[in-house]
Every structure is written in C-alpha cells, then in structure tokens.
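Participant: The residues making up each chain are set out below.
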Amino acid sequence: MLTREEVIKIAELARISLTEAEVEKFQKELSAVLDYVEELKQVNVDGLEEVSQVTGLVNVQREDKIVITENRDAILAQAPELKDGFYKVKAIL
Amino acid sequence: MNFEFLEIAELRQLLDDKKVSSVELTKYFLQRIKKSDLNAFITVTEDEALKEAAKADEFIASPGENPLLCGIPYAAKDLFCVKGTRTTAGSKILDNYVAPFDATSISKVKDQYGVLLGKTNLDQFAHGSSGETSAYGPSHNPWDVERMPGGSSSGSASAVAAGLSPWATATETGGSIRIPASFTGICGWKPTYGRVSRYGVIAMGSSLDSIGAMAYSVKDLAILAGVLAGRDEKDSTTGHQDVPAYLKNLNTDVKGLKIGVPKQYFIDGMEAGVKEKVTSAVEELKKQGAEIVEVDLPNTKYGSLVYAIVCPSEVSSNLARYDGIRYGHVTKEAKNLLEVYQKSRAEGFGNEAKRRILTGTYVLSAGYYDAYYKKAQKVRQLIVNEFAEVFKSVEVLACPCAPSVAPKLGKAAEDPLFGYITDQLNIPGSLAGLPALSIPCGFAKSEDGGEAQLPVGLQIIGPQFGEQKIFNVGHAYQQATDWHKKHPVI
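Just so you know, the sequences run in chain order Z and V. Numbering-wise, the first sequence is residues 1 to 93 according to this note's numbering. Numbering-wise, the second sequence is residues 1001 to 1490 according to this note's numbering.
Derived by calculation from the structure, the hints in this document are not laboratory data. Since the structure is predicted, the reported quantities are computational estimates derived from the model, not experimental observations. In this text, a Cβ means the ideal position worked out from N, Cα and C, and glycines have one as well. One thing to keep in mind: the hints can contain errors.
As the list claims (entries may be wrong) - If you anchor each label on the Cβ, the simulated ranges turn out as follows: (1) V:Gln1479 <-> Z:Leu82: 52 to 62 Å; (2) V:Asp1448 <-> Z:Ile92: 51 to 61 Å; (3) Z:Asp64 <-> V:Asp1482: 49 to 59 Å; (4) V:Ala1272 <-> Z:Asp35: 45 to 55 Å; (5) Z:Ala74 <-> V:Lys1027: 27 to 37 Å; (6) V:Asp1482 <-> Z:Lys65: 51 to 61 Å; (7) Z:Asp35 <-> V:Gln1479: 45 to 55 Å; (8) V:Glu1065 <-> Z:Asp35: 51 to 61 Å; (9) V:Ile1490 <-> Z:Asn59: 45 to 55 Å.
Claimed, not checked - Partner residues are not named here, just some residues of chain Z that face chain V (Cβ under 10 Å, in silico): (10) Leu40; (11) Ile66; (12) Leu76.
Stated by the list, open to error - Anything over 12 Å on all C-beta distances counts as not near chain Z; from chain V, calculated: (13) Asn1002; (14) Ala1009; (15) Asp1017; (16) Lys1027; (17) Thr1043; (18) Lys1287; (19) Gln1288; (20) Val1306; (21) Tyr1322; (22) Glu1395; (23) Asp1415.
All chains should be built: construct the whole structure from the sequences, respecting the hints.
Facilitator: Right, dumping it as structure tokens:
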C-alpha cells in the first residue's frame, strides 16, 4: 500500500490539499488501482515503440497568421479577480 | 400529435411540410423536460432555445432547401462550450463558468439552425461510467429509475431515451458514449479519434477523447456524422481525410460482408441475457448474408489496465489548468498563491477527479514514469497492432457493448475499479482510435435482481475512419429489426 507520505507528496505535486481522511482513503484507492495494473508488468513489449498518436499525424501546424478574437472581455469576465484588465493573484510568498 | 421518439429525418419532413413549426417543437420538448424527473439536464436554455427556434422558422419560411438539422431541437452534454451559456462539466469547480466561445461541433449545428434545449448531466469531467460522479446528482435510467443510465454521457442518454430531446451530443474517452447508449436502449456513435473536432469540448484524455452523438437510429447518426465530422484548424489532431456522404452512401447490403466476432469479448461473468441477445443479433446479420468469422484479440484483457494508467495521466495534465485564477471556483481561504491553487482545487474537484489526478501524477512522477506510463503506451501499441491485423481479414467487428444491462444506482460509488470493468469491451477500441456504434438488440433482466426488462447493446467496431462500414452494418440490422423503436413508458 502507498504510504501516507507518498500520498501527501503526490497531492503537493498536483496542488490539491487533502484532509487526513482523504489521505487515508487515497492510500487505499490508489493502491487498488496500482494493484489492478500490476499484470501489465508481465507483458512482453520488446521492439515496440510507445504510442503517442494513433492516427499517424505528425507535427500539424496552422498558418502563422494573426487572428483577432473579439471575446477578450468575455474571457476576462470569467476571472474571480481582475485589476486594470489584468488577472489579480495573491503574493507568491 | 406526439413528437417524442421521432427520428431526425421524420422531424425534418414535418418541418419542411409546415406540419409543425420549430417553436412548437421546441416548446413541446421544453415541456417534456420540465415534467421529467430523471435529472438529465444541468441547465435548460429555454429563452435562447425559443429565440433559436424562431430564427429557424424564419429560415424555413424563406425559399430554398433547409439544412438537415434546421429547427430540430437537441441537447448538448455539459462538456461542450456554448457561447454565453453556463458550462459546468458536471463539476463544482466550473459551477459559475460561462463559455466565451462555441465548440466547433456546436458551431456546426448552429450553422444548420439546430435548436439547443439545454446542457445535459454527466459524470464530473466525464470521469465515470455511471453518471454518479456528477456534482449535480446522478441521472436516472428511464427504463428503471432506480438504475443508472450509464456514463459519462448520462444525461444525454437519459434525455434521448426518455424522449426529452430528439438527439444529443456526447463524448467518449473509453466507453462514455457506448455504455450509456447500451444501458438506455438508444444508438450511440463513438467516432474515429480525430474524425470530429475536440475544440471547445472540455478535455479529459486528449489522446482518446472523441466527440460523437446519440439518437434513435443509425440513419440519424449518419446524418449527424455528416454534419459534425471534418478537419478543424483549431484541433490539430483532426484527420485530413475527406468526409464521405455517410447518409447518401447508407445501404443495407451485407451479403458476403465479413464480420468478425472476437471471442474475448464474451467474457466470464457476462450476463447470460446479454450474451444471448448479442448472439441472436449476430445470427440476424448472418441471415442477411454476412459471413460471420470468429476472430482472436488476445490482448483485449490488457485494455482496461493500459487505460487505468494512460487516462489518469492525461487527466492530471488536462486538469492542471483549473487553478482558481482565470476562471472557475476560487477559494476564500488562501493566504498565498500556493494555497489558492491547493484549496481551490480541493474545494472544486470531486472525489473521482481527485483520484484520477493523483493516480496520474503518481504514474508520471520521476522513478515511476518508465514502469507505468511508458510501459502502458507500449502495450497500447500491441493493442493497436492487433486490431490492424484483424481488420485485414474482416470489415467490422460485432460483439457485446457491455458485460451487463444497466446496474442499480449506487454501484459505482464505492468501487474505484467500476469503470474499468464496465468499459472493458469499449476501451481497447478507444485506445486504438477506432469508430464504433452501440445499437439496441433486445432486452434482458438484470442478474442483480428486479423484474424490469432492460436494453442490451450490440457493439459494432470498424477500422479507423471506417464510419461508413459500421453505419451500413448497423442500418442493415435496423432495417430488419425494430429494437431501436422500443421506448420506455414515461
């Protein structure tokens, strides 16, 4: 089973604060998922590349041209806090 | 006159013949939604719908041919951004989010003067196979309200199955269209990966997410595919292949067509009723002249295991954007920036989203990446290759869509593996980017008790961009049978 410390560390990386009860619950649930996938370790994959794109497309780019979007205000209006047309965030420290 | 359960083509005829107006149709369905207690919708867009319907009526009154979807009401899974409309993804973190733009698929329907009735319920961020993980409560299955409609496109399936909307948009990452279509007895199309643009649809697993639809017949799905499919500059993973005239090319000639039946899809523990109905459906196709061949897909069993790694990995990456700064829920308790992230996300995400983010973060973290993620993506290649090999000798595959009929609500809540097991017959195809249908093929009682006769789904899987083939086989089946015309008594 995953340790308490492992779950706390992952939650830190994922930027989610967990309650004590959640740490305990995810220790169990994550372990259940990891046990479930254990069998994959036995599969022989010699000579196989990992899949990243299934339909065979490579480096699709669109034309390098400026497109004006008209919905700047609607986008900004979604922010919890704005100041002078900028996103307002708390101090880092 | 009753309009529920009419197919798109039938509604088209009524509108074109001026037997009904779009405003009348829209009011009719809005009324049905109001009376329903299936919790199929998160947001009903009544005012906008009536405006769109009036515009459609104006267009119909003007000379010239009407687009296929003109004036026909529909519902969109609440994962699709609709400009000026609340779009929650079934989560609290986006409870107050109003999309500033339209998803490409929504624009395409708008261009045809389709009428949006509202946004349907779903598993939170489409994470689930039951509809139970929605922050807005589960949707119910109209065939037995104590049962789940399946997920994650739970509300879309409930709505179409109960005659609240003639069709609905849906999305699938690993079973989220096929499972609910199967559990509610309607038709679901999971497209080839990249056949329909993902732009403006809230992301879950970007190497898997596919945008599709649910309706009453394969013919309707062919109509919808013709509208939705195609390359989009805004989604670089959309395929460059031309979009065939699916509707025009629809035929019922399966004589001599080789249909593979993968023996691994009749798994241990599958409900006997499901097996029996699917077997008779295959028999029906044989009767129509198809050549049925048993095929071997031995790596099927690894599908859900690969998915259990790949999906959460992509989820952890895609859901990193919910930071409480640009949109969505923000905590009131933070002292500094780090706490804004940590607490906004803790408060806004439900249990399932948290578990997937944490699982993904773990398997992608230093020291585990090779053992889990890289390994899973290699086994995925094995599955891709295996399908490619099989499609050298058969045109399509026919098999069960789910191991059971709709389970009771509550079953998914406490089992972190529920989805991986429910979706095990859909996930391998998703990992390989294959198109598939689920279509109704009969009814069976659940083995978990209860007397209700519940729908069984036949799954038809095709090669990449082989939509026409699966539509034709599905259409042939539906011309000879009427399971898709059975509807629940509401």
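Participant: Just to be sure I understand the hint, the distance between the Cβ atoms of Ala1272 of chain V and Asp35 of chain Z should be within 45 to 55 Å; is that true here?
Facilitator: Distance hint for Ala1272 of chain V, Asp35 of chain Z is violated at roughly 29 Å.
Participant: Beyond 12 Å from every Cβ of chain Z: is that where the Cβ of Asp1017 of chain V lies?
Facilitator: Correct as stated: the minimum Cβ-Cβ distance to chain Z is 39 Å, above 12 Å.
Participant: Given the hint of 45 to 55 Å, check if Ile1490 of chain V and Asn59 of chain Z actually sit that far apart at their C-beta atoms.
Facilitator: 51 Å, holds
Participant: Has the hinted range 45 to 55 Å been met by the Cβ atoms of Asp35 of chain Z and Gln1479 of chain V?
Facilitator: Hint holds: Cβ distance 47 Å, inside 45 to 55 Å.
Participant: Using the C-beta atoms of Asp64 of chain Z and Asp1482 of chain V, is the stated range 49 to 59 Å upheld?
Facilitator: 54 Å, holds
Participant: Is it true that the C-beta distance of Asp1448 of chain V to Ile92 of chain Z lies inside 51 to 61 Å, as the hint says?
Facilitator: The hinted range 51 to 61 Å holds for Asp1448 of chain V and Ile92 of chain Z, with Cβ atoms some 53 Å apart.
Participant: Determine whether the non-interface label on Glu1395 of chain V survives the test: each CB of chain Z must be over 12 Å from its CB.
Facilitator: With a cut-off of 12 Å, Glu1395 of chain V remains clear of chain Z, as the shortest Cβ separation is near 19 Å.
Participant: Can Ile66 of chain Z be said to touch chain V, with a Cβ gap under 10 Å?
Facilitator: Hint violated; Ile66 of chain Z Cβ to chain V Cβ min 14 Å, cut 10 Å.
Participant: Between Asp1482 of chain V and Lys65 of chain Z, is the Cβ distance one that fits in 51 to 61 Å?
Facilitator: Holds - the Cβ-Cβ distance for Asp1482 of chain V and Lys65 of chain Z, about 53 Å, lies within 51 to 61 Å.
Participant: Is the nearest Cβ of chain Z still more than 12 Å from the Cβ of Ala1009 of chain V?
Facilitator: For Ala1009 of chain V, whose nearest Cβ neighbour in chain Z is about 30 Å away, the distance exceeds 12 Å, so it holds.
Participant: Closest CB-CB distance from Asn1002 of chain V to chain Z, is it above 12 Å?
Facilitator: 40 Å, holds
Participant: Does the beta carbon distance between Glu1065 of chain V and Asp35 of chain Z stay inside 51 to 61 Å, or does it fall outside?
Facilitator: Given a distance of about 59 Å, which is inside 51 to 61 Å, the answer is holds.
The structure fails to meet hints 4, 11, 20, 21 and 23 from the earlier list, while all remaining hints are met.
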